[in-house]
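Enquirer: Chains as they are written, first to last, in the working numbering: chain R, 55 to 193; chain Z, 40 to 679; chain X, 28 to 208.
Quick caveat, the hints were computed from the structure, so don't treat them as lab data. Treat the hints loosely; a few may be bogus.
[Stated by the list, open to error] Once the Cα atoms are required to be at most 25 Å apart in a straight line, the calculated DMTMM-like pairs of lysine to aspartate or glutamate come out as: (1) K625(Z) / E174(R); (2) K163(R) / D420(Z); (3) K120(R) / D555(Z); (4) K134(X) / E174(R).
[What the hints assert, rightly or not] To give a feel for the contact side, a few chain Z residues facing chain X, derived at Cβ under 8 Å: (5) N151; (6) L358; (7) T359; (8) V360; (9) L366; (10) I413.
We treat Cβ as the ideally placed atom computed from N, Cα and C, and that holds for glycine.
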Amino acid sequence: MNEQRQIRFWVIVFVLCGSSITVLLAVFAIQDYIDHFYLPDEVVQGLAPYDRTIRAGGFVVLNSIKHSEDELSVEFQLTDMKDSTFLVRYTGLLPSLFREGQGTTVKGKLGVDGVFRAREVNAKHDENYVPPELKTLTE
Amino acid sequence: MIPELGHLLAIFGWTAALGVLVSGFWGGYRHSEAWVALSIRLAKLQFVVLASSFVLLIVSFLHDDFSVLYVANNSNQLLPWYYKISAVWGAHEGSFLLWTLVAATWTHLVANRAQHIPLDIHGYVLGSLGFINFLFLAFLITASNPFERLVPNTPINGVDLNPLLQDFALIIHPPMLYIGYVGFAVAFSFGVAGLLTGKLDSAWARWLRPWVNYAWAFLTVGIALGSWWAYYELGWGGWWFWDPVENASLLPWLAGAALIHSLAATEKRGAYKNWTVLLAILTFSLSLVGAFLVRSGILTSVHAFAVDAQRGLVLLGILTVVSGAGLILFALRASTLRSRLEYWGISRELLLLINNVLLTITVATVLLGTLYPIGYEWFTDGEKISIGSQYFNAFFIPIMLVLSFFLALAPISQWKTTPLKKFQKCFVFLGFAALVALILPWVLANTFYVGATIGIALGLFVLITHVNSLLKRRKSLHLGFVGMCIAHLGFAIALIGVAVTSVYSYSVDGRLAIGDSLDVSGRSYELQSVQTIEARNYLAERAEFVVGNRITVYPERRFYPIRAMQTTEAAIRPVLFRDLYVTLGKPMDNGTWGVRIQEKLLIRWVWFGALIMAIAAVLACSDKRYRRLSKRDLSQYSRT
Amino acid sequence: MISNTLRLRLLFALPIVGIGVVIFILAIGLRGGNHTVHPSTLIAKPFPSFEAPKLIDNELTNHEELLGEARLINVWASWCVACRSEHAVIQDIAAFNLISVVGINYKDQRVDALDWLTELGNPYDYTIVDLDGTLGVDLGVYGAPETFLVDSKGYIRYKHIGALTDKVWEGEILPLIEDLD
Numbered sequence: 055m056n057e058q059r060q061i062r063f064w065v066i067v068f069v070l071c072g073s074s075i076t077v078l079l080a081v082f083a084i085q086d087y088i089d090h091f092y093l094p095d096e097v098v099q100g101l102a103p104y105d106r107t108i109r110a111g112g113f114v115v116l117n118s119i120k121h122s123e124d125e126l127s128v129e130f131q132l133t134d135m136k137d138s139t140f141l142v143r144y145t146g147l148l149p150s151l152f153r154e155g156q157g158t159t160v161k162g163k164l165g166v167d168g169v170f171r172a173r174e175v176n177a178k179h180d181e182n183y184v185p186p187e188l189k190t191l192t193e
Numbered sequence: 040m041i042p043e044l045g046h047l048l049a050i051f052g053w054t055a056a057l058g059v060l061v062s063g064f065w066g067g068y069r070h071s072e073a074w075v076a077l078s079i080r081l082a083k084l085q086f087v088v089l090a091s092s093f094v095l096l097i098v099s100f101l102h103d104d105f106s107v108l109y110v111a112n113n114s115n116q117l118l119p120w121y122y123k124i125s126a127v128w129g130a131h132e133g134s135f136l137l138w139t140l141v142a143a144t145w146t147h148l149v150a151n152r153a154q155h156i157p158l159d160i161h162g163y164v165l166g167s168l169g170f171i172n173f174l175f176l177a178f179l180i181t182a183s184n185p186f187e188r189l190v191p192n193t194p195i196n197g198v199d200l201n202p203l204l205q206d207f208a209l210i211i212h213p214p215m216l217y218i219g220y221v222g223f224a225v226a227f228s229f230g231v232a233g234l235l236t237g238k239l240d241s242a243w244a245r246w247l248r249p250w251v252n253y254a255w256a257f258l259t260v261g262i263a264l265g266s267w268w269a270y271y272e273l274g275w276g277g278w279w280f281w282d283p284v285e286n287a288s289l290l291p292w293l294a295g296a297a298l299i300h301s302l303a304a305t306e307k308r309g310a311y312k313n314w315t316v317l318l319a320i321l322t323f324s325l326s327l328v329g330a331f332l333v334r335s336g337i338l339t340s341v342h343a344f345a346v347d348a349q350r351g352l353v354l355l356g357i358l359t360v361v362s363g364a365g366l367i368l369f370a371l372r373a374s375t376l377r378s379r380l381e382y383w384g385i386s387r388e389l390l391l392l393i394n395n396v397l398l399t400i401t402v403a404t405v406l407l408g409t410l411y412p413i414g415y416e417w418f419t420d421g422e423k424i425s426i427g428s429q430y431f432n433a434f435f436i437p438i439m440l441v442l443s444f445f446l447a448l449a450p451i452s453q454w455k456t457t458p459l460k461k462f463q464k465c466f467v468f469l470g471f472a473a474l475v476a477l478i479l480p481w482v483l484a485n486t487f488y489v490g491a492t493i494g495i496a497l498g499l500f501v502l503i504t505h506v507n508s509l510l511k512r513r514k515s516l517h518l519g520f521v522g523m524c525i526a527h528l529g530f531a532i533a534l535i536g537v538a539v540t541s542v543y544s545y546s547v548d549g550r551l552a553i554g555d556s557l558d559v560s561g562r563s564y565e566l567q568s569v570q571t572i573e574a575r576n577y578l579a580e581r582a583e584f585v586v587g588n589r590i591t592v593y594p595e596r597r598f599y600p601i602r603a604m605q606t607t608e609a610a611i612r613p614v615l616f617r618d619l620y621v622t623l624g625k626p627m628d629n630g631t632w633g634v635r636i637q638e639k640l641l642i643r644w645v646w647f648g649a650l651i652m653a654i655a656a657v658l659a660c661s662d663k664r665y666r667r668l669s670k671r672d673l674s675q676y677s678r679t
Numbered sequence: 028m029i030s031n032t033l034r035l036r037l038l039f040a041l042p043i044v045g046i047g048v049v050i051f052i053l054a055i056g057l058r059g060g061n062h063t064v065h066p067s068t069l070i071a072k073p074f075p076s077f078e079a080p081k082l083i084d085n086e087l088t089n090h091e092e093l094l095g096e097a098r099l100i101n102v103w104a105s106w107c108v109a110c111r112s113e114h115a116v117i118q119d120i121a122a123f124n125l126i127s128v129v130g131i132n133y134k135d136q137r138v139d140a141l142d143w144l145t146e147l148g149n150p151y152d153y154t155i156v157d158l159d160g161t162l163g164v165d166l167g168v169y170g171a172p173e174t175f176l177v178d179s180k181g182y183i184r185y186k187h188i189g190a191l192t193d194k195v196w197e198g199e200i201l202p203l204i205e206d207l208d
């Protein structure tokens, strides 16, 4: 019986140590997977880092969407509706809800030329929806 | 009149819930047959009243009663009748009414189908369920009344149901999820009753197991449907995004899976009693966390409801009260419980322990990733971040692979102790599975991915050991064992599906004029024509693609004028082992169209596997031995 | 010296701490961001409050001036191509004298807008200047042209996205105006 208790003790110790190590690992590792979010003025003022995967957002400037002649690439501008506007370049199919005037978030890398090269463009919501990240812009 | 009657019935249901709460607890406390009988009757009343209230909301929708704010905001005259019905749970208020109806249904079922359990446990379980629905209904009638009127400015027409929700899978997805979420309230209540009475033993576990299995099965189907919907409706071919709202449903699912397994050990060996009852409480708490995440509007998500923070506060209050009460009770009573576990060796108990540890770690890492952005924003004073799906994959996938290795040993293992030589054959199986997994990619695709190969190998390993055990024991099979094996086979199928589809899928974006074609993995996709069509409540551009000269598919872009919303209807065609997936993009200046063409290998296995798991969970608790044993248990305790 | 049972009890109280942390994080999530999502509908919602100058005389106006009679509110801009073709329809509607037509000049240059009205004619009782598009955001506008029907109490009863046509006017807006009376 005593031996059983001992085994039991070690099993519990092992389980607790193992799981806390994994969870701690997750706590530390998660920092590498953070995607920061930047508003247009932060992008324009250079507060957003270059060449790192980040997210940014703004409202699509009216008449700013320009498709290229032959490829699938597209350019458009995102604005905070004040005085900051930046250019986004994206190759691929735009989501169906993407349109001018709509609040949109993009994920990708900001180049040193100030052009945001998007890997993902998100516009998943109906026309009255503003992504929570952009909420401060409309207040 | 009808909306007011509906609201009145909801209030009536709330008082009925209060009645269930009081009579249940009092009856349990006093061992009073009369009080428990009253509780049973009130549970039935609560169910009938809430069902009527729900029907009245459906009637308001079918009558296009736009004087009801909720109807005006979520329906339209032109909506087909079946979407008018599903629009009832298309947004927060109506879906919460459904939520309370589901809670009342579970309560009613527990009241009537659990007559074989001791009186005090029965009373306490009902009281606890009454308590939970009492809180839900208080929230419904004060802060989320779906029957609120819009007078005198009654609109002529409603603003339509969100087109993304006008879909078959989305008609049944929320009810399935709610049945699962709320079903865990039964587990929670059994936990409370077990702690209060001190009768936390094998019999207790036996009474609880079927309820957990049913709830988990529904949740599984709900999650699979949601994933399937995202796959074909959002139009981008993704089927899991680690979206916070998806995580909200995955957390109770993982905890529920852990609970199913620890209940097995508690029932068969009287082991891990404390842990099992804690899991029962935590699983339901995670359901409430999920409900909060979806309904409070603190998260960005496709699926989240648009709700204000005030309501979030109330939901948070419910979460605090319910899980707080459960956990305080646990802290006070659980230390007096003794688990009876004499042997620690290579045994089924040990495998179940490993299962629970791994699933709990998974819950912790997923929870961390889901809540981290919220904490980060507060800590850094407003810096907004999101956690990429890579984080979740980096933890979830390895843990699941380790889990599936131990899972493969499950059918061979025995209670108490298992002779090591029984596992010898396993290594042969594992070697064989690894060999097949190594050869298969070269035959199929000529490319090789380590992660996918490990996934396929372990999936095959699980398949082989379970089929082998089923064949070996075919003379003396019982449903409990068969159910377990089939559930594990479902897991293996889903695992192989995930492993294969994650890497052996192809996606090409292109820009096509009429008559152009695009080649994807040896198949040509030719754009034949694009036509404009006018449907009842939308306009569409429909393209015709001919794939490999034989198959024709029709992807669409739809425009819903009432909400001014553009949606993508991808054309999906399953052919042998793969889905052909064509999405039509925007028209370009010079008569060309943006298109995305994808081929998804084994994608259907993911949902098929999930479905098998759900069916198996139901199958396992239909085992006749349960009813026999449950009856015997009762005779031991005697009902009064 | 803590007794064994007490130590055990404290151990069993640990889950409370865990769920407490989760609830705390959820609570700051609620408090931190007032993330109320924009309402999914503006129909039968009051016209948002605003204060902005009128185009011609630069006089300040606000939502209260809209009250008292039903209005057809048309969002336009000189840079907007579709508005040009729509303009004839608006002029016809204004000529009917059935309803007061008010313009919102959306994210435009004052000089361009005035030139536009001089060139094409001015059907609007008055035009509200929405220079930075804030009123547009409150209204849920995502482009020009767009048209709203607002009743005498200031509630939005109808919204049309894109250029107005005779068909939309006769088939949808006119019956609504008749209903309002």
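Enquirer: Any hints this thing doesn't respect? Which numbers, in order?
Expert: 4, 5, 8
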